[in-house]
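UniProt numbering numbers the first residue of the sequence shown as 1 and each following residue consecutively.
Just so you know, the hints here were simulated from the structure itself, not pulled from any lab data.
Mixed in with the good hints there might be a few duds.
Stated by the list, open to error - Derived CB-CB ranges, DEER-like:
| no. | residue 1 | residue 2 | range |
| --- | --- | --- | --- |
| 1 | 61 | 129 | 36 to 44 Å |
| 2 | 134 | 59 | 34 to 42 Å |
| 3 | 133 | 79 | 31 to 39 Å |
| 4 | 61 | 136 | 40 to 48 Å |
| 5 | 130 | 79 | 35 to 43 Å |
| 6 | 135 | 83 | 30 to 38 Å |
| 7 | 133 | 83 | 16 to 24 Å |
| 8 | 99 | 126 | 16 to 24 Å |
| 9 | 82 | 130 | 29 to 37 Å |
| 10 | 110 | 58 | 13 to 21 Å |
| 11 | 85 | 152 | 17 to 25 Å |
| 12 | 130 | 102 | 17 to 25 Å |
| 13 | 86 | 126 | 38 to 46 Å |
| 14 | 48 | 157 | 27 to 35 Å |
Beta carbons are placed, not taken as given, at the ideal position from N, Cα and C, and that holds for glycine.
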Amino acid sequence: MHRANVLTRLVLTASMVLAVLAACASGDTGASAQAAGRCAHCGMRVPADSTWRAGLTTASGEALLFDAPKCMFRILRGERGRDAREPWVIEYYASERRPASSLVYVLGSDVESPMGRDLVPIEGRERAERFQRDHHAQRVLTYDEVTSSVIDELFRPGGGHAH
1 MHRANVLTRL VLTASMVLAV LAACASGDTG ASAQAAGRCA HCGMRVPADS
51 TWRAGLTTAS GEALLFDAPK CMFRILRGER GRDAREPWVI EYYASERRPA
101 SSLVYVLGSD VESPMGRDLV PIEGRERAER FQRDHHAQRV LTYDEVTSSV
151 IDELFRPGGG HAH
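Take the sequences, apply the hints, and build the full model.
What follows is the structure, given as structure tokens:
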């Protein structure tokens, strides 16, 4: 009788271990798996809970993850991002993912991303202008005004990595 109990426990334990291993090996390709990757531009680790992450889908369907808005815009405004779809960023106040084209961007503030000086994505021009005053920023830009020359300026010495 005792032997049957041991065997039952062994089978149950083995089943649980296999279930856990199968779940781990399932290859989750959803947002949670992507949110813990590496930046497609600079290679920095992108924590799943980072409020600075951004992303886009390339013309070939590849989902790219970035550690900061300026890294995303560097790719988006270059050859590789020419036909990109669905660029997104995390809105500063809501800390929620939003389409990048629906937000405005504050440039040159005292708020820095993991990459140092960066664009701060904010919903609504009025809120962005208030942020600009509160954080001594240079200017507020629309999505289309974030050009490759703006991004080049952010990547110049003094505007790069904060690590």
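Hint check:
Residue 61 and residue 129 have their C-beta atoms about 37 Å apart, which keeps the hinted 36 to 44 Å range intact. Distance hint for residue 134 and residue 59: a CB-CB separation of about 39 Å, consistent with the stated range 34 to 42 Å. Hint check: residue 133 to residue 79, Cβ distance near 37 Å, so the stated range 31 to 39 Å holds. With their beta carbons about 41 Å apart, residue 61 and residue 136 fall inside the hinted range of 40 to 48 Å.
Here the CB-CB span from residue 130 to residue 79 is close to 36 Å, well matched to the stated 35 to 43 Å. As the Cβ distance of residue 135 to residue 83 is approximately 34 Å, the hint placing it in 30 to 38 Å holds. Separated by about 37 Å at the C-beta atoms, residue 133 and residue 83 break the suggested range of 16 to 24 Å. Checked against the hint of 16 to 24 Å, the pair residue 99 and residue 126 passes, with Cβ atoms roughly 19 Å apart.
A hinted range of 29 to 37 Å for the beta carbons of residue 82 and residue 130 is consistent with their spacing of about 34 Å. Between residue 110 and residue 58 the CB atoms are about 33 Å apart, so this pair departs from the stated range of 13 to 21 Å. Separation of residue 85 from residue 152 is about 24 Å and conforms to the stated range, judged on CB atoms against 17 to 25 Å. Separation of residue 130 from residue 102 is about 18 Å and conforms to the stated range, judged on CB atoms against 17 to 25 Å.
Separation of residue 86 from residue 126 is about 26 Å and departs from the stated range, judged on CB atoms against 38 to 46 Å. About 31 Å separates the C-beta atoms of residue 48 and residue 157, a value consistent with the hinted range of 27 to 35 Å.
Hint check: violations occur at hints 7, 10 and 13; the rest are consistent with the structure.
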